[in-house]
Amino acid sequence: MSMDKNRDKPELAAGRLRRFAPAAAALVLLAAINALRVRLKSSALANRRQVQALSQNLDDAQDALADEQSLLDLKKDELSHAKSAVLNLTRSRQALYESGFELQEQERILQKQWEMLSTYLQIDTASGKISVMRSGQALETYPIHDFPPRAFGREAAPLPRIVRIVSKERYAAPERGKSEEVNGHLEWQPPQVGTSARANALGEFVMFTNSALILHGPPKSAKDHAAYPHYCLGLSWPVARRIYKESFIGEKIWIADRSAPKTPAKAKKRRATARVRRRLRRRR
Amino acid sequence: MRHPSRVLWGLWLAAFAAEAVAVAVWSARLQKSRGQISVLTEKFSRVNRERAAASGQIKAQSQEMKFLQSLPNLLPKDKGYLRTQRAIAEEVEVLRRKLSGRLRGRLYVVVDAKAEKLYLERGFRILMQADCSVGRGELLIDRKTGRRWRFTTPLGEFHVLAKAADPLWRKPDWAYVEEGKPIPPPDSPKRLVSGELGAYLLSLGDGYLIHGVKDEKTLGRPASHGCVHLGAAPLKQLYETAPVGTPVFIIE
Chain P
1 MSMDKNRDKP
11 ELAAGRLRRF
21 APAAAALVLL
31 AAINALRVRL
41 KSSALANRRQ
51 VQALSQNLDD
61 AQDALADEQS
71 LLDLKKDELS
81 HAKSAVLNLT
91 RSRQALYESG
101 FELQEQERIL
111 QKQWEMLSTY
121 LQIDTASGKI
131 SVMRSGQALE
141 TYPIHDFPPR
151 AFGREAAPLP
161 RIVRIVSKER
171 YAAPERGKSE
181 EVNGHLEWQP
191 PQVGTSARAN
201 ALGEFVMFTN
211 SALILHGPPK
221 SAKDHAAYPH
231 YCLGLSWPVA
241 RRIYKESFIG
251 EKIWIADRSA
261 PKTPAKAKKR
271 RATARVRRRL
281 RRRR
Chain R
285 MRHPSRVLWG
295 LWLAAFAAEA
305 VAVAVWSARL
315 QKSRGQISVL
325 TEKFSRVNRE
335 RAAASGQIKA
345 QSQEMKFLQS
355 LPNLLPKDKG
365 YLRTQRAIAE
375 EVEVLRRKLS
385 GRLRGRLYVV
395 VDAKAEKLYL
405 ERGFRILMQA
415 DCSVGRGELL
425 IDRKTGRRWR
435 FTTPLGEFHV
445 LAKAADPLWR
455 KPDWAYVEEG
465 KPIPPPDSPK
475 RLVSGELGAY
485 LLSLGDGYLI
495 HGVKDEKTLG
505 RPASHGCVHL
515 GAAPLKQLYE
525 TAPVGTPVFI
535 IE
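Protein chains in written order, with the working numbering: chain P, 1 to 284; chain R, 285 to 536.
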């Protein structure tokens with residue numbers, strides 16, 4: 001009997017184990033699934049809290065973005081106004097400067113034209129001097145080297161009262177320029193074509209007038225000067241240089257004969273002309 | 285013995301099913317919340333990027349505003365400039381009155397030899413202005429003969445004496461001396477050259493002309509041998525507008 005009992009104990013234990021194993025497995029499975037549920041629940045709850053926090057942060061961020069965009073729009077408007085103001089100022093300044101430059105340009109041109117038109121030469125036959133005059137005032141006065149005018153190879157002409165300078169030449173060229181129409185084309189011959197010799201006759205500074213009279217500096221060759229047919233007033237080199245520089249084409253040369261007695265009629269006429277001029281000036 | 289185990293198994297099944305359902309529900313909720321977190325995170329990043337961009341733009345605009353405010357005052361506070369302008373305007377008026385007897389209503393040309401500009405004016409109104417080129421002032425000496433030429437444009441009051449289209453140029457001695465070529469006789473047909481003087485020509489007398497030029501880049505500086513060079517377009521306008529007898533003032 002005892003030997004049977006000892007032999008039955010392991011079998012009994014095994015039998016009991018076989019009977020309770022499914023239950024144990026089921027309990028373990030239930031515990032596992034319960035643990036999984038608990039874990040999932042806590043993760044889901046944690047995520048929900050995170051979602052709520054993120055939503056709140058997102059709302060705050062969107063509010064801040066809206067504020068910044070409003071500020072950006074304001075700044076854009078401000079900048080646009082400032083640029084527009086600067087552009088207007090620049091344009092005003094440009095207009096001011098351009099009108100200033102135009103005025104200066106006009107003043108320069110008008111001043112030069114006035115100088116040209118109001119400047120003339122005056123030859124005083126009594127003293128044998130030549131003066132650069134402007135608006136009746138003598139700016140410079142120089143002696144005339146050879147006065148009265150001399151004629152070479154031609155008859156002397158009476159001195160006209162007023163002549164005009166029509167040409168100035170430095171190193172008077174052999175030929176004068178000319179233009180002529182040939183076969184329907186205008187041909188221009190500049191002054192330096194030709195071979196006749198007058199270069200040495202008239203010197204370095206030569207002023208031709210609309211009469212026979214020529215004003216010039218010392219000739220290069222006295223022989224050539226005497227041989228060249230012309231009617232001239234001789235000036236010294238510095239005076240010729242100065243007069244040449246200061247004179248213009250078209251400038252009048254008044255030849256005042258102060259030695260001749262003035263006739264009363266002429267004096268009356270002069271006084272009358274002066275009165276009319278004064279009246280006109282006052283009206284302006 | 286079987287009855288209690290069936291009950292227990294039934295309870296177990298019920299519990300297991302409940303747990304399984306709960307697991308499914310929480311799993312779904314977890315998935316959903318993960319999706320929401322992902323979406324919210326992306327939105328948050330985008331909003332932050334936009335904020336960063338806006339901040340950058342605000343900063344740039346502030347700097348630009350600062351720069352504009354730092355620019356010097358474009359209109360001078362000192363009104364002296366305006367007084368000078370007014371004084372110059374009064375002087376211009378005085379000069380116009382002085383010159384009105386000679387120039388008012390008249391068509392004339394002014395050549396500013398210093399500024400290398402040509403103006404066509406009627407009265408005191410400028411009809412056209414253009415760059416021109418006057419004599420360059422050089423001295424040319426022919427070493428063989430000793431002849432000299434100084435290429436300057438004379439100053440003074442001229443008049444248009446003649447006009448021509450497609451003019452021919454009779455080449456002068458100095459042109460051959462300049463080129464170092466032998467000088468042909470004065471009447472040689474070889475001297476006649478076309479196209480050198482441009483399409484039009486206005487003669488001022490004494491060999492001085494207003495004519496065209498081959499290279500308009502030379503305009504605006506003294507480059508001629510004494511004539512007044514002008515560009516093709518202003519030359520055409522001058523030719524068509526200024527009749528013979530028009531005064532031409534060459535000033536400096």
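Simulated from the structure, these hints should not be mistaken for lab results. Some hints here could point you the wrong way.
[What the hints assert, rightly or not] Calculated lysine to aspartate or glutamate pairs in the DMTMM-like style (CA-CA distance at most 25 Å, straight line):
#1 P/Lys112 - R/Asp415
#2 P/Lys112 - R/Asp396
#3 R/Lys401 - P/Asp67
#4 R/Lys343 - P/Glu68
#5 P/Lys76 - R/Glu348
#6 R/Lys401 - P/Glu98
#7 R/Lys350 - P/Asp77
#8 P/Lys245 - R/Asp396
#9 R/Lys343 - P/Asp146
#10 R/Lys382 - P/Asp59
#11 P/Lys112 - R/Glu374
#12 R/Lys350 - P/Glu68
#13 P/Lys75 - R/Glu348
#14 R/Lys343 - P/Asp73
#15 R/Lys428 - P/Asp224
#16 R/Lys398 - P/Asp59
#17 P/Lys112 - R/Asp426
#18 R/Lys343 - P/Asp224
#19 R/Lys316 - P/Asp59
#20 R/Lys350 - P/Asp73
#21 P/Lys129 - R/Glu377
#22 P/Lys245 - R/Glu536
#23 R/Lys398 - P/Glu102
#24 P/Lys220 - R/Glu422
#25 R/Lys398 - P/Glu204
#26 R/Lys382 - P/Asp73
#27 R/Lys327 - P/Glu246
#28 P/Lys252 - P/Glu98
#29 P/Lys223 - R/Glu400
#30 R/Lys398 - P/Glu115
#31 R/Lys350 - P/Asp146
#32 R/Lys327 - P/Asp67
#33 P/Lys245 - R/Glu377
#34 P/Lys112 - R/Glu348
#35 P/Lys245 - R/Glu348
#36 R/Lys343 - P/Glu78
#37 R/Lys398 - P/Glu246
#38 R/Lys343 - P/Asp63
#39 P/Lys75 - R/Glu400
We went through each hint and held it up to the structure:
no.	hint	verdict
1	P/Lys112 - R/Asp415	holds, 19 Å
2	P/Lys112 - R/Asp396	holds, 9 Å
3	R/Lys401 - P/Asp67	violated, 60 Å
4	R/Lys343 - P/Glu68	holds, 11 Å
5	P/Lys76 - R/Glu348	holds, 10 Å
6	R/Lys401 - P/Glu98	holds, 17 Å
7	R/Lys350 - P/Asp77	holds, 15 Å
8	P/Lys245 - R/Asp396	holds, 17 Å
9	R/Lys343 - P/Asp146	violated, 86 Å
10	R/Lys382 - P/Asp59	violated, 81 Å
11	P/Lys112 - R/Glu374	holds, 17 Å
12	R/Lys350 - P/Glu68	holds, 19 Å
13	P/Lys75 - R/Glu348	holds, 10 Å
14	R/Lys343 - P/Asp73	holds, 13 Å
15	R/Lys428 - P/Asp224	holds, 20 Å
16	R/Lys398 - P/Asp59	violated, 75 Å
17	P/Lys112 - R/Asp426	violated, 35 Å
18	R/Lys343 - P/Asp224	violated, 88 Å
19	R/Lys316 - P/Asp59	holds, 20 Å
20	R/Lys350 - P/Asp73	holds, 17 Å
21	P/Lys129 - R/Glu377	violated, 36 Å
22	P/Lys245 - R/Glu536	holds, 12 Å
23	R/Lys398 - P/Glu102	holds, 16 Å
24	P/Lys220 - R/Glu422	holds, 21 Å
25	R/Lys398 - P/Glu204	holds, 24 Å
26	R/Lys382 - P/Asp73	violated, 60 Å
27	R/Lys327 - P/Glu246	violated, 87 Å
28	P/Lys252 - P/Glu98	violated, 37 Å
29	P/Lys223 - R/Glu400	violated, 42 Å
30	R/Lys398 - P/Glu115	holds, 16 Å
31	R/Lys350 - P/Asp146	violated, 77 Å
32	R/Lys327 - P/Asp67	holds, 18 Å
33	P/Lys245 - R/Glu377	violated, 29 Å
34	P/Lys112 - R/Glu348	violated, 48 Å
35	P/Lys245 - R/Glu348	violated, 58 Å
36	R/Lys343 - P/Glu78	holds, 14 Å
37	R/Lys398 - P/Glu246	holds, 16 Å
38	R/Lys343 - P/Asp63	holds, 20 Å
39	P/Lys75 - R/Glu400	violated, 50 Å
The structure fails to meet hints 3, 9, 10, 16, 17, 18, 21, 26, 27, 28, 29, 31, 33, 34, 35, 39 from the earlier list, while all remaining hints are met.
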